[in-house]
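Peer 1: Read off the chains here:
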Amino acid sequence: MDSMQFPLYILLLLVMAAVIVPILMKEFDRKSKVMILGTLAIAWGMSLYILVGVLQSGAYLYDIGNWGAKIGIQFNIDEFSAFMSFFIVSLTILIVIYSIKDIEHEIYRKQIAGYYSLVFLLLMGMLGITFTNDLFNTYVFMEILAITSCAIISIKRKKENYMAAFRYLILNTLGSLSFLFGLALLYMVTGYLNMGEVYNTISDVWQLYPRNILLALGLMLTGLGIKAAIFPLHIWLPDAHSSAPTPSSALLSSLVVKVYIFTLIKVLYRVLGEEVITGLGVSTYLGYLAAIGMIMGSVFAIGQKDIKRMLAYSSVAQIGYIILGVSLTSTQGLSAALFHVTSHGLMKTALFLSAGSIIYYKGKRDIRELNGIGYEMPITMAVFTIAALGMIGIPGTNGFMSKWYLSFAVLEAGQPFYLVVILISSFLNAMYYLPIIINAFFKQGIDNKEKEVSNSSESMFVTEEILDNKQEMNVEGLPKLMLIPMSIIASLSIILGFFPQLVMNIIELAVNTFL
Amino acid sequence: MEILQAMMDRTNYIGAAILFVIGLYTVLTHPNLLKKVIGINIMETAVFLLMVSEGYIAGGSSPILGLTKEQATTVHVNPLPTAMILTGIVVAVSITAYSLSLIIKIYEAYGTIELDEIMELRSEQTNG
Amino acid sequence: MKASSEIRSSKGFGDYFSINCVFVFVAATLFLSMFVAMTLPSVESGIVGLMAIVGTKLVNFFISLESLPVLIILVSLIGGPIEAFIGRKSEGLRDFAVVDNNFITFIMILAMYPKVASGSIAYRIEGLFGYGLSFNVDMLSFIMAITAGILWFLVSIYAHDYMEIEAHRNRFYLWKTVTFGGVLGTVMAGDMLTMFLFFELMTFSSYMLVAHNQSNESILAGDSYIYMGVVGGLCILLGIVLVAAYTNTLEFVPLAAELAELGWVKYLITILFATGFGIKAGMLPLHIWLPKAHPVAPTPASALLSGILIKIGAYGILRVATTLFVPALEDISGYADPLWEVSQKLGALIIWMGIITMVVGVFMALQQSNMKKMLAYHSISQMGYIIMGIGVASYLGYRGSMGFSGSIYHMINHAFFKALLFMAVGLVYLRTHELDMYKLGGLWRKMPFTAFVTIIAILGITGMPGFNGFASKSILHHAIIEAYEYGHYSFKYAEILFTIVSAGTVCSFIKLFGYVFLGDCPEKYRDIEGEKPMMDMAMGGLALLIIFIGQSPNYILDRFIIPATRNLTYDPAFIDKYIVDMNFFNNHDVVSMVWVYILGIVIFIIGKKYDLFHLHLPTWLSCENTIYRPLYKGVRGLSESITKEYEEKIIKSDTIIYTVFLTGILVFFMRFI
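Residue numbers (this note's numbering), protein chains in the order written: chain U, 1 to 515; chain C, 1 to 128; chain P, 1 to 673.
Hints should not be assumed to be uniformly reliable.
As the list claims (entries may be wrong) - Here are the computed lysine to any residue pairs in the SDA-like style, where the Cα-Cα straight-line distance is at most 20 Å: (1) P:LYS345 <-> P:ILE481; (2) U:LYS70 <-> C:PRO79; (3) U:LYS159 <-> U:ILE107; (4) C:LYS35 <-> C:ILE89; (5) P:LYS644 <-> U:ILE295; (6) U:LYS305 <-> P:LYS649; (7) P:LYS649 <-> C:LEU121.
As the list claims (entries may be wrong) - Looking from chain C toward chain U, a few residues come up when the C-beta cut is under 7 Å (computed): (8) VAL90; (9) VAL91; (10) ILE95; (11) ALA109.
Honestly, the hints are just simulated from the structure, not real lab data.
Think of the CB as a built atom: it goes at the ideal place given N, C-alpha and C, for glycine as much as any other residue.
Using the sequences and the hints given, assemble the complete structure.
Peer 2: Pasting the structure below:
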């Protein structure tokens with residue numbers, strides 16, 4: 001088997017699985033679970049193979065069907081796409097393992113097959129966008145992603161989900177249309193859809209048709225801005241991410257949004273080039289938007305009462321960090337941004353999954369009701385704590401390293417103002433994550449309090465001790481399939497906190513493909 | 001006069017732009033969800049129009065093999081945008097279908113498809 | 001309480017614990033005396049000589065370990081979870097393990113001495129955190145580490161009995177040991193990043209100690225502790241990033257030459273570091289967490305917090321002020337080199353911060369009736385001394401060695417006597433369950449030993465000649481006098497305030513001892529139980545140290561502090577002239593101490609007569625109510641109202657935002673056409 005073809009094989013495998021799984025799956029039994037995970041495992045193996053291949057023998061362009069770059073579709077398999085696709089597949093597998101138990105709680109049984117079909121298509125869309133080097137192909141994958149990501153929200157039969165999905169769909173379509181409009185305008189003057197070819201011709205074309213290119217850039221940026229939830233265009237995100245079933249929230253928040261950011265990076269650096277975007281002032285204003293987003297996302301998060309909604313707003317703030325890194329137009333800035341893509345992916349997944357476990361086990365979504373949850377669900381809350389500390393930027397977690405890299409990138413770019421923004425944003429993060437942790441571990445829940453009152457004060461110490469032992473010895477009542485992925489993600493974020501070089505080395509190679 | 005001439009040459013593009021704005025206006029102003037979907041469809045049409053017109057070359061024949069001598073000319077119309085728009089239409093149809101089905105579900109859930117009424121219902125729910 | 005002690009003894013190990021403690025305590029004493037014997041310049045014959053030989057042999061084993069600093073930290077970091085694990089099986093065995101763990105750490109710290117004395121231990125772990133962690137143990141680190149080691153060891157012995165009245169003991173011991181790791185890491189760090197990492201570890205793990213008993217009060221105290229800790233951490237991080245970005249180094253090397261070119265940024269850096277570490281050190285007006293956190297923590301934790309943790313803040317300022325902002329030894333031309341500028345300005349700021357901290361701390365302490373709260377305010381006040389010393393050290397630049405040695409010396413001394421005071425108060429609380437000193441009395445009959453060690457500690461903290469506080473206070477006194485002799489005359493007023501604060505301290509402790517141990521014993525406490533042997537042993541250890549240091553103040557100064565001073569950019573001639581072989585028991589110093597005592601007694605009498613110890617200060621005076629609480633509430637309230645007001649509106653106007661954004665971006669691009 002020719003490993004050159006692997007990227008295409010992954011996509012085909014996922015499409016096939018998306019069709020076959022619902023047909024073969026009568027019951028959500030052991031066999032179908034193995035089938036789902038098996039497919040993903042094969043995809044994971046292939047993406048790992050691609051990554052290793054690229055790191056060993058270098059990047060390559062893959063023309064589908066051997067059509068030329070002018071009319072055919074081209075995949076760009078370089079360090080960036082290989083690593084990011086590997087990251088996407090790995091995280092998806094962990095989320096899917098978690099979902100196997102959780103999803104039964106959230107949607108009707110007969111829809112489970114459909115759900116996994118959608119997840120496969122979603123994964124295909126994400127990988128396609130990451131791989132492709134063709135603008136129109138990006139559009140197609142974006143639409144696949146749009147429909148599937150709305151569908152995995154609306155699959156949960158609740159009022160809010162329908163509205164959230166509809167709003168998401170409308171805005172998504174507006175975004176895609178703007179992107180397509182811009183793409184048509186670019187095609188009009190360059191005659192290419194291949195990113196590399198457009199980049200080669202754009203400087204000549206700029207002299208002749210600046211209007212077209214400016215219009216195209218404006219439309220594309222707005223479109224991608226919606227999809228990547230850059231601050232004033234984040235409107236759809238809180239509703240969509242908070243109402244979706246937990247695995248969907250995790251997928252959407254930690255991966256789907258990032259994929260659109262990849263497209264944004266590609267458009268900015270591979271299609272237009274660094275000179276154009278700095279010359280037009282795009283990068284400067286993008287930086288301002290990012291800074292506003294970092295602050296306002298956190299401000300809105302502080303005001304939330306629903307835990308998943310709070311996490312969704314926290315995503316808005318964290319996307320601000322990534323966009324800030326992108327807007328610096330420097331190697332360091334882009335590396336910091338891509339590193340934060342991975343760390344935010346891990347941390348947000350861990351947060352959503354642990355919040356989901358709390359909802360699964362206790363049925364509580366309100367932040368104020370989570371007192372004392374740390375005793376009932378120690379592992380879940382430990383995962384939550386690690387990820388939340390990462391969000392604040394406490395050393396030992398990958399979140400600290402992203403802030404560290406980003407701070408240096410900001411200073412290197414000569415904009416110490418953003419350092420203050422990062423600082424304020426970190427503190428605001430602390431303001432909404434710390435109370436949850438503190439209340440979970442140090443305050444007693446209402447149920448516990450009642451228990452204690454019923455005991456006489458004399459025997460308080462004895463009962464406490466027994467309670468203590470019971471709580472500590474008892475592994476919480478969550479299925480192992482939910483605990484294991486969470487623990488893996490949490491330990492990954494600690495490992496990356498201690499050894500950021502594991503990822504950073506590859507990311508530095510990946511950044512070289514842009515600048 | 002020159003401006004007029006230039007506009008006449010680019011009727012399709014101007015039309016596309018106008019359609020896009022009309023579509024956007026529809027999405028913007030109508031609280032009815034169905035009309036929003038229609039607006040989106042108009043916008044889609046605008047983009048398709050733009051893209052197809054880009055591929056058109058005056059006096060060019062369709063790029064099909066086996067045309068007779070009289071039908072074929074030396075220039076062919078660019079087939080690529082047309083092919084892409086076919087894909088685009090498929091995407092647009094599927095999105096329309098999906099959004100219509102969502103609207104049905106919303107109607108079942110809320111009993112209305114007017115956005116402002118739905119928002120009112122929702123805020124009543126959260127407050128009450 | 002009875003029930004719980006029955007449970008403990010039924011699990012075995014209860015008695016073995018005491019035996020183990022005694023054994024380990026004796027061993028520690030033996031090691032410490034071997035160590036002292038080793039460090040004495042001339043090995044005499046007889047028992048001291050024998051001890052020195054045995055000690056050297058033992059140490060040689062450890063010297064062969066290159067990674068000793070890391071091992072020391074790991075013993076704590078890994079030991080903590082193991083202790084908690086053991087604790088789930090048997091409580092007695094866990095306490096056993098805790099004491100032994102700290103004992104091992106203590107021995108290992110001692111074993112670092114030979115290498116430290118002949119230079120420093122440097123060790124790097126490559127790859128971690130992208131930059132590698134580096135450890136560098138010089139004399140200053142060693143002093144801090146050994147103080148921490150002694151304190152942790154004794155507190156562990158003490159904690160066994162005390163913790164009976166607290167729940168969640170496993171958690172307590174886990175985080176207590178992890179905090180130890182954090183403290184050791186912070187002091188032994190070789191670069192700023194490593195220091196910051198362990199500093200944050202310490203902040204978070206000690207939070208668990210502060211909020212330990214989970215009452216509303218302790219959670220509130222914990223909240224202010226952790227939020228201020230996070231802000232402090234962020235300030236330090238920002239400072240480190242700025243330094244690293246502009247000078248391209250993370251090491252503790254003299255950077256004054258590079259920083260001099262930076263303009264306003266260098267002042268920003270100094271302020272950031274001073275704020276970040278100042279929060280931990282309880283410097284005014286960043287102290288508000290301290291009087292809340294120390295009283296609510298379990299007593300062993302309070303002893304550690306007051307004894308070591310706040311010193312780490314001071315250590316941070318000291319480390320930064322004396323390495324980063326000073327020029328390298330080979331760069332400078334003398335006392336008036338312009339490169340001292342940053343250091344001087346920073347120093348002047350810190351001196352006044354220290355003085356204000358001292359005054360306010362002691363004033364507030366006089367107003368307290370809660371014993372632990374009073375001790376907490378005294379910690380603030382004593383930190384003022386230390387901070388002032390650091391200020392003098394950097395203000396006088398090349399001649400700052402007096403302030404430097406004074407502040408280090410006071411750090412050690414304060415650690416011992418403040419920990420001892422907290423322990424004594426803890427024992428009183430354990431027996432009486434009362435912290436209000438006005439409601440106690442006559443306890444010396446019940447607890448003669450506790451009363452005795454309390455007197456020793458009080459004599460230490462008030463600076464009686466012959467006890468440890470005297471030595472460091474005298475040096476600090478010399479330092480502040482030097483500050484106005486060589487520097488600005490306004491520090492004359494600082495010196496006066498210094499004397500008044502010392503007198504206030506005397507008064508405050510007369511109050512404490514008088515109300516708690518003397519007078520009539522209230523009916524309630526007539527038949528309380530008395531001493532606890534293990535706790536007494538721990539307290540006795542500290543009391544011995546206080547007396548030992550007090551009797552031969554030159555030992556610590558010559559063996560440890562002066563070598564530490566010589567590593568830095570200080571005038572060697574100055575050190576030789578003024579500090580080496582300093583005569584502490586001279587006429588002038590002793591007489592001035594007598595005046596301080598007289599003044600203290602006068603304040604006490606006046607205060608008692610006019611009832612000045614119960615002033616109800618207006619609430620706006622406390623900066624917690626005027627600054628921090630409104631700030632926190634404001635941010636939270638503002639966010640909530642913004643969310644309430646705009647969230648729905650933003651979501652409703654989804655397509656409008658899209659249209660406005662699109663139009664805006666297109667209009668923006670118009671200018672390029």
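Peer 1: None of the hints should be skipped; say for each whether it holds.
Peer 2: Hint by hint, here is what the structure shows:
| no. | hint | verdict |
| --- | --- | --- |
| 1 | P:LYS345 <-> P:ILE481 | holds (18 Å) |
| 2 | U:LYS70 <-> C:PRO79 | holds (12 Å) |
| 3 | U:LYS159 <-> U:ILE107 | holds (13 Å) |
| 4 | C:LYS35 <-> C:ILE89 | holds (19 Å) |
| 5 | P:LYS644 <-> U:ILE295 | holds (17 Å) |
| 6 | U:LYS305 <-> P:LYS649 | holds (18 Å) |
| 7 | P:LYS649 <-> C:LEU121 | holds (15 Å) |
| 8 | VAL90 | violated (9 Å) |
| 9 | VAL91 | holds (4 Å) |
| 10 | ILE95 | holds (6 Å) |
| 11 | ALA109 | holds (4 Å) |
When the structure is compared with the earlier hints, a violation turns up for hint 8 alone.
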